[in-house]
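Chemist: So the sequence lines, in the order shown, correspond to chains C and S. Our numbering numbers the first residue of the first sequence as 2 and each following residue consecutively. Our numbering numbers the first residue of the second sequence as 2 and each following residue consecutively.
One or more hints might be untrue.
As the list makes no split between identical chains, a pair holds if one copy fits it or if it spans any two.
[Stated by the list, open to error] Taking lysine-lysine and the BS3-like style, the derived pairs with C-alpha atoms no more than 27 Å apart in a straight line are: (1) K325 / K46; (2) K110 / K90; (3) K325 / K207; (4) K365 / K207; (5) K136 / K323; (6) K323 / K85.
Derived from the structure by calculation, the hints contain no laboratory data.
There are 2 protein chains.
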Amino acid sequence: MSEGLHYELLSTCPRTGARRGRIHTPHGTVETPCFMPVGTQGTVKTLGSEDLEALGFELILSNTYHLGLRPGSELVDRLGGLHKFMSWKGAILTDSGGYQVMSLSNMRKITDEGVRFKSHLDGTEMFLTPEQSMKIQDELGVDIAMALDVCPPYPCSRDEAVAAMHQTHRWATRCLEARKKGALFGIVQGGVHEDLRQESADFITKLPFDGFAIGGVSVGEPTEMQRPVVKFAAPLLPKDKPRYLMGVGHPQDIIHAVRCGIDMFDCVLPTRQARHHSLYTMQGRVNAMAQKWAEYNGPHDPESMFPQSERYSAAYLRHLFKAKEPLGARIATLHNLAFYARLMQEIRSAIENDGWEELEERYKNA
Amino acid sequence: MSEGLHYELLSTCPRTGARRGRIHTPHGTVETPCFMPVGTQGTVKTLGSEDLEALGFELILSNTYHLGLRPGSELVDRLGGLHKFMSWKGAILTDSGGYQVMSLSNMRKITDEGVRFKSHLDGTEMFLTPEQSMKIQDELGVDIAMALDVCPPYPCSRDEAVAAMHQTHRWATRCLEARKKGALFGIVQGGVHEDLRQESADFITKLPFDGFAIGGVSVGEPTEMQRPVVKFAAPLLPKDKPRYLMGVGHPQDIIHAVRCGIDMFDCVLPTRQARHHSLYTMQGRVNAMAQKWAEYNGPHDPESMFPQSERYSAAYLRHLFKAKEPLGARIATLHNLAFYARLMQEIRSAIENDGWEELEERYKNA
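Same shape as in the complex, but just chain C (with noise of 0.2 Å):
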């Protein structure tokens, strides 16, 4: 285990398994549950480290794929590391660049030494291995590294999702071994299946790293097909080491997950919404581009938690996303991450106070 990474258990809801908990890192504490805001190329698209900073987050993610591309993690290294090229105080997670590197590029072929692709930037042939990426994520010098997985595509046949895990309790192995500082986290594979999530856990969990993570879901699948993964593979993690469901997600599947024992998530969905004008609202998502908020002077949700959100309405937003104004993606990604920064801190104070129906009525609805 790594010195750089503590896990501290503050309690567990009894009638939820929901747990409240503290991640120590070398760039602070993390309250979890907690939600982090992808910053796939060093930067949460539109925002500041500053923004991220007020909204509260206290970890983000970022992806080794892209950052390994374009600037090149050698680059990052010798500029002191993605903490001080991005400038975020805070700490940093970074995948392994397996998912891009299946979900992004092309004629990628995998074998037990790697994964041969070509750059989806200009189709150079590269090759990722455990190592190369345990290389990358040194060199980023980020908080906790994720394990070279291999994450299969939904649907898929119980052969593929068999060779899957397979392949990735090897490189598990081997991940481990390379990375030279800093934390590590292990995932589980084994697709919808129940005995291979379980062989998946018992392997993995074997292992010394320093949290692990439930990967392969959210690739497509539908919710009902999801939440028995999560509720069936959470308890299967140790109780003294973070749990991260990777991907997840929508409001309704983190407070599942969280319900299963969760501590981490992360998900593109409200950045990117808020790039293609959907804000998240405690009734629900809505399209900041609709007739009605045309000459509507107050914010989408009267309960939002975007600091400028009394100061922006809903008319002046949906002028800025019709006239193509940049501005329109800023306030609007400000404004999810704020609901996502809420959700989160909601969460948290519902597993201390036992409020946790009070909570799930509440976002009913979200």
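Chain C is fixed; fit chain S onto it per the hints.
Modeler: Positioned in the frame of chain C, the structure of chain S alone reads:
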């Protein structure tokens, strides 16, 4: 004269003619000489009003043509006016819409009644008259409206310059009659011809405008043709009213024009250049995409006034532009507007403290 506007001349530099003053508006006091960032569509591109406040601007410019087409001035009026719409507490000046009609729209045809044109958005045929321009600016509720003028392109014949000037004069009277509330500035035309500038200034400055602008410069002519016009025309304007040089410009052109007695400036340069990766520094403009910045951990300009310049290195900004991240344009815009804000602050200070030579020396490479 509008009750809402009052110009206070604090001092005039006896050696240069530069004026230190204040414009008192219904939305606060504006220290002059001043630069107005251009918020074309009700936002300075990439920035919120809180950013402009933080940069210290007191007066911004917005465009009647753009806002009149979208979202429409009647809608802005119903929502409480442009200040409220864009949440800007400072003062606002709008142009008349005439310049954009000339430069952006198709099929424009000028008659004594007004100018017929087709919207650049959807081709709708529209008609802009002096009365219509005043109505739009009244509905926007701005502090300073500009009279509708005819701004001939460069180059143009003397006959065209004469015709544009006479049309501008006839419309000036109609604008004064039509403006319902708030201040109105008249515009002197006359191209590069001193006798026409004299004739235009004689005519326009006899009318009860609240301030006077020199129009028809910075329309494509070389700098060496612009400066003599400013030098000749600025002293023709009344001493007890604000003097505004429209569409200028480069830092050196601003310094020159202040010497000639100009108080107000607007220009898209700092904001537009920012979006094209070009940063103002004390050593001239630099290309933020240049290879030389790839591993440069410091700011582009050690004297940068941008509050976040210590936070975001030249290497990071280059990465953002390379990766087409929206944060790049935002940081560059903040950087350039901070440069202009400091330029104007130091100009005002130089007038107060008899430091003009030092100012010109200091900015000689900018």
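Chemist: Determine for every hint whether it applies to the structure shown.
Modeler: Tested hints:
1. K325 / K46: Result: close both inside a copy and across copies, 16 Å intra and 10 Å inter.
2. K110 / K90: neither (37 Å within a copy, 58 Å between copies)
3. K325 / K207: neither (52 Å within a copy, 42 Å between copies)
4. K365 / K207: neither (38 Å within a copy, 68 Å between copies)
5. K136 / K323: between (44 Å within a copy, 23 Å between copies)
6. K323 / K85: Between. Shortest inter-copy distance 19 Å satisfies the 27 Å Cα cut-off; intra-copy 36 Å does not.
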